[in-house]
Amino acid sequence: MATFIALLRAVNVGGYGKLSMAELRKLLAGLGYEHVETYIQSGNAVFDAKGSAAKVARDLAAALEEHTGAPVGVLIRTPEELDAIIAGNPFAAEAAADGAKVHVGFLSQAAPASAAAGLQRIVDQYPNRRDQFHIDGKTLYLHLPDGAAETKFTGKALEKALGGAGTARNWNTVLKLREIAAKSGLKP
1 MATFIALLRA VNVGGYGKLS MAELRKLLAG LGYEHVETYI QSGNAVFDAK
51 GSAAKVARDL AAALEEHTGA PVGVLIRTPE ELDAIIAGNP FAAEAAADGA
101 KVHVGFLSQA APASAAAGLQ RIVDQYPNRR DQFHIDGKTL YLHLPDGAAE
151 TKFTGKALEK ALGGAGTARN WNTVLKLREI AAKSGLKP
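If you read the sequence shown in the UniProt record's numbering, its first letter stands for residue 1, the second for the next number, and so on.
Just so you know, the hints here were simulated from the structure itself, not pulled from any lab data.
Hints are not guaranteed to be accurate.
[To be verified] In silico PhoX-like links for lysine-lysine, alpha-carbon gap of 25 angstroms or less: (1) Lys-50 with Lys-176; (2) Lys-50 with Lys-26; (3) Lys-101 with Lys-160; (4) Lys-160 with Lys-138; (5) Lys-26 with Lys-55; (6) Lys-183 with Lys-152; (7) Lys-55 with Lys-183; (8) Lys-101 with Lys-156; (9) Lys-176 with Lys-26.
Construct the entire structure; sequences and hints are all you get.
What follows is the structure, encoded as structure tokens:
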């Protein structure tokens, strides 16, 4: 078995995809996953499972769709991938000062070469905002010094610029998920 971090997309946001974390834990256990732990109500889980990350993502997505009656995006990362994301944060100093103002976008596929230009257009349209971004393969780092509530890096704008789906978590959540994965009983 290997340890995986599941990041569900659009769960418990704006009335879409309502799923309690107790339901998610039960669903994961029903798939045969072990050492299941969820974190906050936004669709984060850490567990041990057999198979590849791609297989786990497919199986979990199918089970979630059957349970909720609607498709639920599932992005899977390993503890090693999360370590690399943490180590590669270009906004580490800002994250240390306020982890709620740095976000990580977990992308379903590597961003195309045109993504940076698309994201820069968003920045340029709103000169009163101080939002910054950095793309690294399947990871988007965002520094939102004015807070996330008013950012123009929203779902549709990001998907258009990045050419695919993803989900974001603030830096505090990323660190907490890595801490959970490193706990005794889970295999990092």
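So, going through the hints one by one against the coordinates:
no. : hint                 : result
1   : Lys-50 with Lys-176  : holds, 23 angstroms
2   : Lys-50 with Lys-26   : holds, 17 angstroms
3   : Lys-101 with Lys-160 : holds, 23 angstroms
4   : Lys-160 with Lys-138 : holds, 15 angstroms
5   : Lys-26 with Lys-55   : holds, 19 angstroms
6   : Lys-183 with Lys-152 : violated, 36 angstroms
7   : Lys-55 with Lys-183  : holds, 24 angstroms
8   : Lys-101 with Lys-156 : holds, 20 angstroms
9   : Lys-176 with Lys-26  : holds, 21 angstroms
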